[in-house]
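Chains as they are written, first to last, in my numbering: chain A, 1 to 188; chain B, 1 to 288.
One should not assume that every hint holds.
Below are the BS3-like pairs computed for lysine-lysine, each with C-alpha atoms no more than 25 Å apart in a straight line [as the list claims (entries may be wrong)]:
1. B:Lys62 / A:Lys40
2. B:Lys67 / A:Lys40
3. B:Lys180 / A:Lys48
4. A:Lys44 / B:Lys149
5. A:Lys51 / B:Lys180
6. B:Lys58 / A:Lys44
Hints in this document: simulated from the structure, not taken from any laboratory. A quick note: this is a predicted structure, and the numbers were derived from the prediction, not measured.
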Amino acid sequence: MVSAFFSTNPGIANFSQNLLTWVTIVGGISLLLGIVSILKVNIKIISKRSKDWGFKLILVMFVIGMSISGVVWGMGENTPFDWLFQNIQSPMMSTMFSILAFFIASAAYRAFRARTMEATILLVTAVIIMLGRIPLGQYLWNDLPNIADWIMAYPNLAVQRGIIIGAALGAASISLRIILGIERTYMG
Amino acid sequence: MKEIKILILVLIINIFHSGEALANSFDNLSWFRLDRFNALILLVVFSTVVLFYIRSAKKGKKLFIRKIAGLDAVEEGVGRATEMGRSVLFIPGIDELEEIQTIAGLSILGRVAKVTAQYNTPLLVPVRYPLVLAAAQEAIKGAYLGTGKGENYDSEMARYVAGEQFAFVAAVHGVMHRDKPATNVYMGAFYAESLLLAEEGHESGAIQIAGTANPEQLPFFIAACDYTLMGEELYAASSYLSREPRMLGSLKGQDWMKIFLVVCILLGVLFDTLQIGNGFFYNLFLEQ
């Protein structure tokens, strides 16, 4: 894989591409492992009538129901699978994502409480950025959007790049440890 | 050894499969991309420095590693869960096994599982991908067997909960509500769900330790968690927890490379500001 990055040789590129295809194939087949895990854990709870077993029953019914509808009628438009996805799964996922707005508000409230010098700097910076991003900010002070842009383009980007460089070196280091067999904990 | 045999088999199949492509490659001799020579040099220098320090560590040279509060808190967190009679929730990110952050997360899981095994504390590991499930089960099993508590290992400690991002979040929220884990550990690649998980965990009253190399998710973890490992700290965590000299040696090499890059950045700024070398130094680092 590393040599494929440095070479345009079709044989090496092909080998590298084949390895990636194999990863996709193995990943696809391993989905069965996931289904077995989800059914095993939840059917055990249902059969023992443990706490909240009703929720598990609904989960198992939908795992089986969606699988059957996908296999029998396909996954194209206007199929039962599509209907289940568009009318049940998709709205539920959108609901989960929309909760984020409230969570951001509560987390920001805690983070921006000016109890220390660092928290005060954070609060002031956040206020400048938030006001600089909306028309009201420009209405209050014409230069506010420029200040917000400067904060994002210089101090913020510098810190982000510092973290990214450190993380990239860390990733390269752990990769080397894995290749050399020093790091094996993830394999048990 | 088994993995190497499989890889050789794949290589042989591939050579037969791409015989024509290989033959063509000998004709046009397009073996090396000269425009990526700078990356190759950096790779060789980095590997040499890391290997040198691994070798020094093996010879017994003492290496200093700074304290990482978040990792020191892992044992404290497990101890708290044990005292409260509750579980430890560990999420190794939501990305696939090919993502290096997931592997770093699983390495930390192995260390955390050793502590939970010693304390007999229940461990819950919900995952999003089946391959991560298999790896997580192996990591936990290895940790339990390694501490002589193999009989306490349960394959259902790690469980596949959902393949979709927000379905996964909903499932984990359910676990947090019902089981009320005393300690939540998030280590790996996280995206839009980072705050959803951490804020819910905060609401449930758990002590929370997070680590990710995705800089855009760090503010959320810092706001909602008690301890956060930033970027490289995530990758250094398994070395820090193991205290194995060879692992610490690689960290030392990594630090020297960081110093080298800082010097290069400063020189680049200096050369560009004073307009020395007509952009030569800048071009040395151009990504192709």
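Return the numbers of the hints above that this structure violates; sort them in rising order.
Hints 1, 2, 6 not satisfied by this model.
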